[in-house]
Amino acid sequence: MALWMDLLFGNWFGLSAVLVILFMLGMSAFFLVLFISKSKKPDN
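Read the sequence shown against my numbering and you will find it ends at 113, with the numbers running on by one and no gaps.
Since the hints were made in silico from the structure, they are not lab data.
As the structure is a prediction and not an experimental result, all values here were calculated from the model.
Please note that a few of the clues may not be correct.
What the hints assert, rightly or not - Distance ranges between label pairs, derived from CB positions: (1) 97 - 77: 17 to 27 Å; (2) 106 - 78: 35 to 45 Å; (3) 107 - 81: 36 to 46 Å.
Every residue, glycine too, gets a C-beta built ideally from N, C-alpha and C.
Model the full assembly from the supplied sequences, consistent with the hints where possible.
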C-alpha cells in the first residue's frame with residue numbers, strides 16, 4: 070500500500086503511469102464489451 074501511495078502522490082511520473090494503466094484497462098474493457106455485444110446479434 071505504501072508503494073501505491075508513493076506512486077499516486079510522490080511525483081507526477083508515478084501518477085501519470087497509474088492513470089495510463091487505468092485508462093488502458095478501461096479502454097480494453099470497453100472494447101471487450103463492444104465486441105461481445107456485436108458478436109451476439111446477427112446482422113440482417
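Comparing the hints with the structure gives:
1. Judged by the Cβ atoms, the range 17 to 27 Å given for residue 97 and residue 77 holds: they are separated by roughly 22 Å.
2. Between residue 106 and residue 78 the beta carbons are some 38 Å apart, a value that agrees with the proposed interval 35 to 45 Å.
3. Distance hint for residue 107 and residue 81: a CB-CB separation of about 38 Å, consistent with the stated range 36 to 46 Å.
Figure legend: structure checked against the earlier numbered hints; every hint is met.
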